[in-house]
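Participant: If you're matching them up, the sequences are chains F and U in order.
Take 1 as the starting number for the first sequence in my numbering and just add one per residue.
Take 1 as the starting number for the second sequence in my numbering and just add one per residue.
Everything labelled a hint here was simulated from the structure, so no lab data went into it.
Any given hint might turn out to be false.
List time: in silico SDA-like cross-link candidates among lysine to any residue, alpha-carbon distance up to 25 Å [claimed, not checked]: (1) Lys26/F x Glu106/U; (2) Lys130/U x Val83/F; (3) Lys130/U x Lys26/F; (4) Lys23/F x Ala113/U.
The structure displayed is predicted, hence computed values, not measured ones.
If you want the building blocks of each chain, they are given just below.
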Amino acid sequence: MADLTTRQQFAAVTLNITTSDGKPAKVDGPVVWATSDATVLTFTNSADGLTGTIDAGAAGGPARITFTADADLGSGTQTITGVTEDINVTQDPRDLASTFTVSLGTATDKP
Amino acid sequence: MATTNLDCLVALRAEIDAALAAVNEPLAGLHDLARVSLSDAALAEVNNSIESHNRRSDQLSNVLAQLNDLENALRDLTHDGYPAMPPEPVSGEVYQELLQQQADLEKAFQQFAAEVAAQIAANLGTPTDKPVI
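Okay, chain F solo, but in the shape it has when bound:
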């Protein structure tokens, strides 16, 4: 589980694409990003989809970003997916109420 507040982002997200035995691998075309809940997490990504930014939305809660790509370098299609851990967004402490101001008005005689 990763945490973000509503004022935060992951500004330099990078994707690592590997074979089943961990060697670096290429995919055919861009990696496509998708959010499980656009009110909680949004993103912007590069044209090839290998880097990007994930921003917390206004709503709190957990969400994930999913990455999809075509592993077949030829004319076929072999879809692979990756997903972030749950990213939990909470209200930023700077936005929490911290003081009460009470206006007493003017003192008057009791009835």
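On the provided structure of chain F, position chain U as indicated by the hints.
Facilitator: Chain U alone, transformed into the frame defined by chain F:
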């Protein structure tokens, strides 16, 4: 898109031709003027004007020369069959040889297979404050 229609250059050539004629027209008079009795200041202005006209005339002539080159190049391209680029006809013997080479290369290529991507992992990095807009 293939565009070798020279008509688009006609208007430009006409404009440059007209400009060249206009800029050359007063040159003879300016040269005459430079030979009459003038103050140094007036003569300097006349010479400046001659220099400006000559410079503009050279520039326009340069554009016309480049237009000629461009038209010739486009005509060569058109005469060569542009934009079509048909396959080169070869003898049956040469064609068979090329086919055999293609087959050999295909067999060699089939000895290789790309390592297949299997997983995508994301490195999120450290949370930072969003930039203030």
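Participant: Against this structure, judge whether each hint is valid.
Facilitator: Hint-by-hint comparison with the structure:
no. : hint               : verdict
1   : Lys26/F x Glu106/U : holds (22 Å)
2   : Lys130/U x Val83/F : holds (22 Å)
3   : Lys130/U x Lys26/F : violated (31 Å)
4   : Lys23/F x Ala113/U : holds (15 Å)
When the structure is compared with the earlier hints, a violation turns up for hint 3 alone.
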